[in-house]
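Asker: Protein chains in written order, with numbering that gives the first Met the number 0: chain H, 0 to 392; chain R, 0 to 157.
These are calculated hints, taken from the structure and not from any lab test. Ideal Cβ positions, reconstructed from N, Cα and C, are used throughout, including at glycine. Any given hint might turn out to be false.
As the list claims (entries may be wrong) - Calculated lysine-lysine pairs in the DSSO-like style (CA-CA distance at most 30 Å, straight line):
{"hint": "1", "chain 1": "R", "residue 1": "LYS10", "chain 2": "H", "residue 2": "LYS316"}
{"hint": "2", "chain 1": "R", "residue 1": "LYS142", "chain 2": "H", "residue 2": "LYS70"}
{"hint": "3", "chain 1": "H", "residue 1": "LYS70", "chain 2": "R", "residue 2": "LYS37"}
{"hint": "4", "chain 1": "H", "residue 1": "LYS106", "chain 2": "R", "residue 2": "LYS142"}
{"hint": "5", "chain 1": "H", "residue 1": "LYS106", "chain 2": "R", "residue 2": "LYS66"}
{"hint": "6", "chain 1": "H", "residue 1": "LYS229", "chain 2": "R", "residue 2": "LYS37"}
{"hint": "7", "chain 1": "H", "residue 1": "LYS109", "chain 2": "R", "residue 2": "LYS66"}
{"hint": "8", "chain 1": "R", "residue 1": "LYS34", "chain 2": "R", "residue 2": "LYS10"}
{"hint": "9", "chain 1": "H", "residue 1": "LYS70", "chain 2": "R", "residue 2": "LYS10"}
{"hint": "10", "chain 1": "H", "residue 1": "LYS106", "chain 2": "R", "residue 2": "LYS154"}
{"hint": "11", "chain 1": "R", "residue 1": "LYS37", "chain 2": "R", "residue 2": "LYS12"}
{"hint": "12", "chain 1": "H", "residue 1": "LYS271", "chain 2": "R", "residue 2": "LYS81"}
{"hint": "13", "chain 1": "R", "residue 1": "LYS145", "chain 2": "H", "residue 2": "LYS109"}
{"hint": "14", "chain 1": "H", "residue 1": "LYS106", "chain 2": "R", "residue 2": "LYS12"}
{"hint": "15", "chain 1": "H", "residue 1": "LYS229", "chain 2": "R", "residue 2": "LYS79"}
{"hint": "16", "chain 1": "H", "residue 1": "LYS109", "chain 2": "R", "residue 2": "LYS142"}
{"hint": "17", "chain 1": "R", "residue 1": "LYS81", "chain 2": "H", "residue 2": "LYS109"}
{"hint": "18", "chain 1": "H", "residue 1": "LYS106", "chain 2": "R", "residue 2": "LYS79"}
{"hint": "19", "chain 1": "H", "residue 1": "LYS70", "chain 2": "R", "residue 2": "LYS145"}
{"hint": "20", "chain 1": "R", "residue 1": "LYS81", "chain 2": "R", "residue 2": "LYS145"}
{"hint": "21", "chain 1": "R", "residue 1": "LYS145", "chain 2": "H", "residue 2": "LYS229"}
{"hint": "22", "chain 1": "H", "residue 1": "LYS70", "chain 2": "R", "residue 2": "LYS154"}
{"hint": "23", "chain 1": "R", "residue 1": "LYS37", "chain 2": "R", "residue 2": "LYS81"}
{"hint": "24", "chain 1": "R", "residue 1": "LYS81", "chain 2": "R", "residue 2": "LYS12"}
{"hint": "25", "chain 1": "H", "residue 1": "LYS70", "chain 2": "R", "residue 2": "LYS12"}
{"hint": "26", "chain 1": "H", "residue 1": "LYS219", "chain 2": "H", "residue 2": "LYS194"}
{"hint": "27", "chain 1": "H", "residue 1": "LYS70", "chain 2": "R", "residue 2": "LYS21"}
{"hint": "28", "chain 1": "R", "residue 1": "LYS12", "chain 2": "R", "residue 2": "LYS66"}
{"hint": "29", "chain 1": "R", "residue 1": "LYS79", "chain 2": "H", "residue 2": "LYS271"}
{"hint": "30", "chain 1": "H", "residue 1": "LYS109", "chain 2": "R", "residue 2": "LYS34"}
{"hint": "31", "chain 1": "R", "residue 1": "LYS66", "chain 2": "H", "residue 2": "LYS70"}
Unchecked claim - Here are some, though not all, of the chain H residues that point toward chain R, as calculated from beta-carbon distances under 10 Å:
{"hint": "32", "residue": "ILE233"}
{"hint": "33", "residue": "ALA236"}
{"hint": "34", "residue": "PRO315"}
{"hint": "35", "residue": "TYR326"}
{"hint": "36", "residue": "GLY337"}
{"hint": "37", "residue": "VAL363"}
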Amino acid sequence: MKESRTLPTDYVSSPERTSSGRTLRTDEMILNMGPQHPSTHGVLRLELVVDGEIIVDVIPHIGYLHRCFEKHAEHMTNYQQVIPYADRMDYLSSMCNDWAYALAVEKLLKTEIPERVQYIRLIMAELQRIASHLIAVGTYAIDMGAFTPFLWCFRDRERILDLFEMTCGARLLYNYIWVGGVSHDLPPSFVEKAKEFCRDFRTTLKEVHDVLTYNEIFIKRTANVGVLPKDVAINWACSGPMLRGSGVDWDLRRDDPYGIYDRFEWTVQVGKGEMGTVGDCWDRYIVRMREMEESTRIIEQAVESVPEGNVQSSIPKRIRPEAGEVYVRSESPRGELGFYVISDGTASPYRVKARAPAFVNLSVLPEISRGAMVADLVAIVGSVDIVLGEVDR
Amino acid sequence: MTAREIFDNLKAKFGDAIGEAKLDALQPWITVAEKRAKEICLFLRDEPGFGFDYLSCLSGVDYPDGKLGVTYHLFSMNHKHKIVVKALCTRENPHVQSVSAVWGTANWHEREAYDMYGIVFDEHPDLRRILCGDDYPGYPLRKDFKVPEFYNGMKVPY
Numbered sequence: 000m001k002e003s004r005t006l007p008t009d010y011v012s013s014p015e016r017t018s019s020g021r022t023l024r025t026d027e028m029i030l031n032m033g034p035q036h037p038s039t040h041g042v043l044r045l046e047l048v049v050d051g052e053i054i055v056d057v058i059p060h061i062g063y064l065h066r067c068f069e070k071h072a073e074h075m076t077n078y079q080q081v082i083p084y085a086d087r088m089d090y091l092s093s094m095c096n097d098w099a100y101a102l103a104v105e106k107l108l109k110t111e112i113p114e115r116v117q118y119i120r121l122i123m124a125e126l127q128r129i130a131s132h133l134i135a136v137g138t139y140a141i142d143m144g145a146f147t148p149f150l151w152c153f154r155d156r157e158r159i160l161d162l163f164e165m166t167c168g169a170r171l172l173y174n175y176i177w178v179g180g181v182s183h184d185l186p187p188s189f190v191e192k193a194k195e196f197c198r199d200f201r202t203t204l205k206e207v208h209d210v211l212t213y214n215e216i217f218i219k220r221t222a223n224v225g226v227l228p229k230d231v232a233i234n235w236a237c238s239g240p241m242l243r244g245s246g247v248d249w250d251l252r253r254d255d256p257y258g259i260y261d262r263f264e265w266t267v268q269v270g271k272g273e274m275g276t277v278g279d280c281w282d283r284y285i286v287r288m289r290e291m292e293e294s295t296r297i298i299e300q301a302v303e304s305v306p307e308g309n310v311q312s313s314i315p316k317r318i319r320p321e322a323g324e325v326y327v328r329s330e331s332p333r334g335e336l337g338f339y340v341i342s343d344g345t346a347s348p349y350r351v352k353a354r355a356p357a358f359v360n361l362s363v364l365p366e367i368s369r370g371a372m373v374a375d376l377v378a379i380v381g382s383v384d385i386v387l388g389e390v391d392r
Numbered sequence: 000m001t002a003r004e005i006f007d008n009l010k011a012k013f014g015d016a017i018g019e020a021k022l023d024a025l026q027p028w029i030t031v032a033e034k035r036a037k038e039i040c041l042f043l044r045d046e047p048g049f050g051f052d053y054l055s056c057l058s059g060v061d062y063p064d065g066k067l068g069v070t071y072h073l074f075s076m077n078h079k080h081k082i083v084v085k086a087l088c089t090r091e092n093p094h095v096q097s098v099s100a101v102w103g104t105a106n107w108h109e110r111e112a113y114d115m116y117g118i119v120f121d122e123h124p125d126l127r128r129i130l131c132g133d134d135y136p137g138y139p140l141r142k143d144f145k146v147p148e149f150y151n152g153m154k155v156p157y
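Go ahead and model the full structure; you've got the sequences and the hints to work with.
Answerer: Below, the structure written as structure tokens:
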């Protein structure tokens, strides 16, 4: 199809004009941060319009890792084959991606999930949440110039990866949660090792609190920086720690329930502006820290009561959902991960759209960075906790 | 509010702009006129009974009958109810009114739908491609898209 384009096609910005068509004033200049920059956490290019040290505007350029997951999904011969691709979206929380996709297809199929599978999925997702938040907190510490907590975080994350490796053989991209079940049963020593981890992990959390959370320098760098007000957060559909950091008491595990979260005792953590304003970088950070504690509580309760059963009895041999569509969302470590799946009654999905939380959370970046200093942008980007594999899909 | 009530309210207010609806679906949906999407969405957001303040997801779709469409998954934080809204447009004239003035989050979602399906969102503040390069030929998620053999002189391996 031939069509005339009325939009600006030059993507390299000229010295006078940004790529979104904004004309610069004489004292403004464009500064590119990324795509190869340690604090952009991946290949993200931020086109900054700066006036001296002050940021006037930010234009994020994404798509460097784009491989069109959605096109791949349409070309699979089976619904189960999409799962390895879902793994690779948010590569720090593959378990949660798998689960979200499986939930969507199961809803189309109206599959009943066995109790044991429900418990295993929940334990895996919560371990994954801790692992993912550990990376978020660890790399954030590095961004702010603290090296030690980074090592502690990676040390403990390694133990979670060991647990995953014990269970399914993979350390990062698991292909573990399948439509209707999981690929492997828990190994015999899993429960013991998970309990051991939870016990030791509380010590790590305390250490990180001591050295980072209430550290004067860290607070100076993060409190009152990048404030995201409540109404902006909702209007820009932020989710996860980003939304809760802004003081919105909202968690899909409780408010749009899936799995068996309602059986355990845990609380939703929200930012209260303890060190500065509600919705600043410190609030987003502390929400992640406290969520790890809550996840530990959930795991401790869940491993106590995993019922017996077959983990593969409900996996359908042949997946052909009736024609229809469904949008199912779940709480991934970064926020609302939704899958919009359209079935046309055949064996492969007609359309799969992933609503990636990091994509949406990143889109609010210009709103919260205007007027900040260039050095503060590092703090703001780090606090959003993006994974570019998911932003670009 | 149930999907039926939402549909009746919209129908009373906007009449012909509200099209076909499927209220007994797994997740009920309502079709709206693509040229009046903004107005209708603003009403859905600001009317106290609706209060759809959270746009969960906005997706482009290429339907089997050759039409293109946009699907909005709306949610209300206050009332905790959901509705799915659809706007359809033709392949020859793929124009849908932008809702990025209603929900900020629609900005990037609409750029993605433009990038993948070539749906032009009228009144969008900054409609550029977002994931593909600006010189990418065609719209990859359309069902009739053929992967080009060469891209900028480089052979596409598969």
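Asker: Flag every earlier hint the structure violates by its number, smallest first.
Answerer: 1, 9, 10, 13, 14, 20, 21, 25, 26, 30, 34
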